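K.L.:
Spelled out, the chains give:
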Amino acid sequence: MKKVMMVVMMVMVMVSEASMIEQTCKETPDFNLCVSLLDSDPRGSSADTSGLALILIDKIKGLATKTLKEINGLYKKRPELRRALDECSRRYKTILNADVPEATEAISKGVPKFGEDGVIDAGVEAAVCEGEFKGKSPLTSLTKSMQKITNVTRAIVRMLL
Amino acid sequence: MASSDALLPISAREESDLNEETHRRRRPVKGLLAVSLGLLFIAFYVVLVATHDGSNRSNDVKIESDETATTTSRARLAGVSEKSNDKLWKLSGERNTVSFAWNNSVLSWQRTAFHFQPEQNWMNDPNGPLFYKGWYHFFYQYNPNAAVWGDIVWGHAVSKDLIHWVHLPIAMVADQWYDANGVWTGSATFLDDGSLVMLYTGSTDKFVQVQNLAYPEDLNDPLLLKWVKYSGNPVLVPPPGILPKDFRDPTTAWKTSTGKWRITIGSKINKTGISLVYDTTDFKTYEKHDTLLHQVPNTGMWECVDFYPVSKTAVNGLDTSVNGPNVKHIVKASMDDTRFDHYAVGTYFDSNGTWIPDDPSIDVGMSASLRYDYGKFYASKTFYDQNKGRRILWSWIGESDSEAADVQKGWSSLQGIPRTVVLDTKTGKNLVQWPVEEIESLRLSSKQFNMEVGPGSVVPVDVDSAAQLDIEAEFEIKKESLDKILGDASVVAEAEEFSCQKSGGASVRGALGPFGFSVLADKSLSEKTPVYFYVAKGKDSKLKTFFCTDTSRSTFANDVVKPIYGSSVPVLKGEKLTMRILVDHSIVEGFAQGGRTCITSRVYPTKAIYGAAKLFVFNNAIDATVTASFKVWQMNSAFIHPYSEEVVRAISSA
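Protein chains in written order, with full-length UniProt numbering: chain A, 1 to 161; chain B, 1 to 654.
One should not assume that every hint holds.
Residues from chain A shown here face chain B by an in silico Cβ test under 8 Å; the list is partial [said to hold, decoys possible]: (1) E87; (2) R91; (3) E105.
Simulated from the structure, these hints should not be mistaken for laboratory data.
The structure presented is a predicted model; accordingly, all values stated were derived computationally and were not measured.
Where is the CB? At the ideal position from N, CA and C, for every residue including glycine.
Throw the hints in and build the complete structure from the sequences for me.
P.N.:
Quick look at the structure:
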């Protein structure tokens, strides 16, 4: 009997846990992306809205790190792109050294508007870098990912305002 | 997912333990449980499918066209924050986009000559402004470590005249458990004995927002260099019903008729912006009112609430405690959702600490309610200047560029030029702001111009350097032009629909405008920032005047926000159109009709800098001629003094 009740409870809890991420992600521009990012993170199932925002900021950090690696690798393969790569390097370093810490601190401390600023800026920096290649960017799919993630993250940060 | 055991019939799991009797008794219960479990799973599945369907639908819309998707999200987020990486993303795909890399020459030009800013790094809200023993004091939210928000402490500076500042050491750092995560915004109150206290928000080591008391260590030090935090802090913690992160920015206190001190603190309940009220006699213990000073639904969190009296009849400022029949009270709040500062004029009831607006249709925070400034302007705070009997307004002017540029140039944010604030005695419905008169001490040489500006003309104004200017101008549409337009039925009334933001900017020509100045323009006007009037014909031959600043062509840089700002401005019978503009490198402040409508903008030209920055007067009306009479002053630098021990010693003994 007790085991049955526990199972029932578990199922009910799981139904409502899944709903928290789903409820939140419904209000973002990319439900699927939002759910997959948050579900894949072990903290996602027990996070409140702030926690979900912080998870996504972590994803932004991870993506920026990955993109910076890609940029560094391109110097040898595409030396003719050096000036654009320099600017991109500056922009992605800004995401890692300015936007991400600012957003993390702001959301943790309950002044989400600075978190929104940091997240928006991450998208701006990625777009500027992309623009440096004048339509022939080797980073387009990474840029697109950053745009999508920052749009979703911003929507969640706005829920905290 | 639930353990697969749950899918087994219960009897299968419990088989071995049971005797026949209990088996028989359990069967109906087992049946019930099996049914309810089954129903639960069906319900769960339905919920999952239903929500997934909904989101799939919107995903389909997205797949059709990226443009549609960005429009959807922009619509959702519309009107909220100017930065839109959607627009940038579209731009970046184009082959002929000019990509601009900031260099040190262009960036260092952006630093202002006479606006308050720290030597480097990030600044935001003004804190605790006050006048004491001959010095104006200014404190501010400051990040000592970076050019973005974070690690906040209280910066400090002093001035004799609100214009020439000397930087002082940091006044308060995050060194107690109750402000370990941030020494945030606060306000000063003068006590009856002439001493003063500071109330400020601390973010505790557990990220709770609390209010703390601090006071000068040495009241004999006119520079108020050192501050002491009350040992019994915090004096206020979030009350029941208020979330721990929705409780910040205490105001200056005012005296009630019973002799107690009263403060208000902004917060929110769900989406309703509110202002809590507390009474105190010693600033250490407080009684919370059950009622609020005021609340407005759907306005979100109220930050940096300000509350103060204004005279209905006189043009001087009033001490925060003044009350009486000739007085109205202003409630102002900074809206977290939109980053706009809104205020309303109303009546304060001291007996119960409540306030109601004169016009509820433009209540604090509603989209149509009044704003101190229609541009980049937030977290503003007033104080009563007992030295000259004025109420003075400080404001945080953030950057509109990318954080990469801020990091590269090593600083971010300015304060607006302090403004006097009074009630507009002619309309009675709005405030009027004006740069403090002390700024005129920066005026150097001037030139006077009087000219007729025909429709569709742009006239260069010969003023040598054009990055540090004070312009005072009067415009008049020629009577013949006005009569002709008003009498011409084919000229459609557009006053109801017009807005600066949606107008398309200064290049869109109308019957009676736009006309004004193009500041920070290069010779060929490839970069320019028009500050202008647009007069629109309304119904019944009435005219409605708008005051706008168009930054959309202010720079070639593509990582900068370039909005068109503005609002209507009341123009009373017999008044000419008057405009004042302060240009100071990357900031432009415009004041229409003596400060009835104000617009602050941040601009980052790449070409219209140093000697290449020019000034033009223009009239883009289709048919109307305008007369312009204006004076342009070159403005000196305020030579804001970096912190140095020698200077501090020198001014201490002054």
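K.L.:
List, from low to high, the hint numbers that the structure doesn't satisfy.
P.N.:
Those not satisfied: there are none.
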